[in-house]
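Novice: Each residue of the sequence shown is one higher than the one before, starting from 1 at the first, in our numbering.
Any given hint could turn out to be false.
[Said to hold, decoys possible] Using 30 angstroms as the maximum straight-line C-alpha spacing, the simulated DSS-like pairs for lysine-lysine come out as follows:
1) K249 x K176
2) K167 x K249
3) K167 x K152
4) K249 x K157
5) K176 x K157
6) K167 x K148
7) K148 x K262
8) K249 x K148
9) K167 x K157
[Unchecked claim] Here are the computed distance ranges between Cβ atoms for each label pair:
10) L194 x T170: 54 to 60 angstroms
11) P290 x E161: 45 to 51 angstroms
12) A141 x A207: 54 to 60 angstroms
The set of hints was computed from the structure by calculation and includes no laboratory data. Glycine residues also receive a C-beta, built at the ideal position from the N, C-alpha and C atoms.
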Amino acid sequence: MASTHTPAHPAGPAAGTQLLDHPGPNGSEARDSAARGSDHAGPAGPAGHRDPFAPEAESSRHRLPRQTRGASPLLGVTAVAATLGATGFAAATPAAAPAIEAPDETPVALAADPGLALAARIQQQADSQRTAAEESARLQAAQEAAAKAAAKEAEAKRAAEEAERAKAATLTLPVKDYNLSAHYGQSARYWAHLHTGLDFAADTGTAVYAVGQGTITSAGWSGAYGYRIVETLPDGTEIWYCHLSSIIKGSGEVTSGQQIGKVGATGNVTGPHLHLEVRPGGGAPVDPEPWLQQHGLNP
Numbered sequence: 001m002a003s004t005h006t007p008a009h010p011a012g013p014a015a016g017t018q019l020l021d022h023p024g025p026n027g028s029e030a031r032d033s034a035a036r037g038s039d040h041a042g043p044a045g046p047a048g049h050r051d052p053f054a055p056e057a058e059s060s061r062h063r064l065p066r067q068t069r070g071a072s073p074l075l076g077v078t079a080v081a082a083t084l085g086a087t088g089f090a091a092a093t094p095a096a097a098p099a100i101e102a103p104d105e106t107p108v109a110l111a112a113d114p115g116l117a118l119a120a121r122i123q124q125q126a127d128s129q130r131t132a133a134e135e136s137a138r139l140q141a142a143q144e145a146a147a148k149a150a151a152k153e154a155e156a157k158r159a160a161e162e163a164e165r166a167k168a169a170t171l172t173l174p175v176k177d178y179n180l181s182a183h184y185g186q187s188a189r190y191w192a193h194l195h196t197g198l199d200f201a202a203d204t205g206t207a208v209y210a211v212g213q214g215t216i217t218s219a220g221w222s223g224a225y226g227y228r229i230v231e232t233l234p235d236g237t238e239i240w241y242c243h244l245s246s247i248i249k250g251s252g253e254v255t256s257g258q259q260i261g262k263v264g265a266t267g268n269v270t271g272p273h274l275h276l277e278v279r280p281g282g283g284a285p286v287d288p289e290p291w292l293q294q295h296g297l298n299p
């Protein structure tokens, strides 16, 4: 700490550095002595001025002032400031905190740019239109695929129906190994009327097949016809299979060429054979030979 001793100046105490006044013992007396001049200042110098090197003055100048408890803290701060000066305060001042970088404001700037906002809306509309177009194309493709599948299914169904009709229209001879022993319209002493059918002579037990696809509507014993099966074709034509030794299929659906019975000699007969009658619409019998020939068969 710098010394508070100040050399005397001819101009007196007013021209030099004056010590701070502090309350306490001898504080007010020192000020009064300085104000009154040489009355209480000790030995005087020439022209009545107070000698600055007098012992009493030195004692007063080097006495440490005492502060009271009630003094304001600002007084001490002022003294420190006067001692350190502007340079001291500048050195004691803490360094300024580094500046905080502002966050990136680019999104805000982009959002605030009308041109960019318009471009974003245009892009959004384009994306929506592209999505709608893709969805429409997908739906159209699904509809076309469904239409193709439906057409394919309808074609398959139509083909199956045509195959069924063709199968139904396809006829087969009732016996494979036979001889024709009697024709339609013949007369004989053992017939009460003209012959109403076509006889296929074969050994007993020979397989009898359904002439065409149809339904067996009757099967069983039938007097002079012996054991008989009646099959009804899709167009209503009835086929009678007579003089059977046994019945294999007595009811239900049958297909062309399916075995339904066996050749026999039951009823009014002279030997084993199959008596075949054709009755269109379930009415009176017709000649079986031309009817079979009309369906591609030559008995």
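Novice: Work down the list of hints and note, for each, if the structure agrees.
Specialist: Going down the list of hints, with the structure as the test:
1. Taking the CA atoms of K249 and K176, the gap is near 18 angstroms; set against the 30 angstroms cutoff, the hint holds.
2. Proposed proximity of K167 and K249 is supported: the alpha carbons are some 19 angstroms apart, at most 30 angstroms.
3. Simply put, K167 and K152 have alpha-carbon atoms about 22 angstroms apart, close enough for the 30 angstroms limit, and the pair holds.
4. In summary, the hint linking K249 to K157 is supported, as the alpha carbons are separated by about 29 angstroms, within the 30 angstroms threshold.
5. Of the pairs offered as hints, the one joining K176 and K157 is violated, with about 33 angstroms between alpha carbons and a cut-off of 30 angstroms exceeded.
6. Between K167 and K148 the alpha-carbon distance is near 28 angstroms, which keeps this suggested pair within the 30 angstroms criterion.
7. Under the criterion of a C-alpha separation no larger than 30 angstroms, the hint pairing K148 with K262 is inconsistent with the structure, at around 49 angstroms.
8. Between K249 and K148 the CA atoms are separated by roughly 42 angstroms; this puts the pair beyond 30 angstroms, and the hint is violated.
9. The straight-line distance between the Cα atoms of K167 and K157 is roughly 15 angstroms, inside the 30 angstroms bound, and the hint therefore holds.
10. L194 and T170 have their C-beta atoms about 31 angstroms apart, which leaves the hinted 54 to 60 angstroms range violated.
11. Between P290 and E161 the Cβ separation comes to about 29 angstroms, which falls outside the hinted range of 45 to 51 angstroms.
12. Between A141 and A207, the C-beta spacing of about 56 angstroms keeps the proposed range 54 to 60 angstroms intact.
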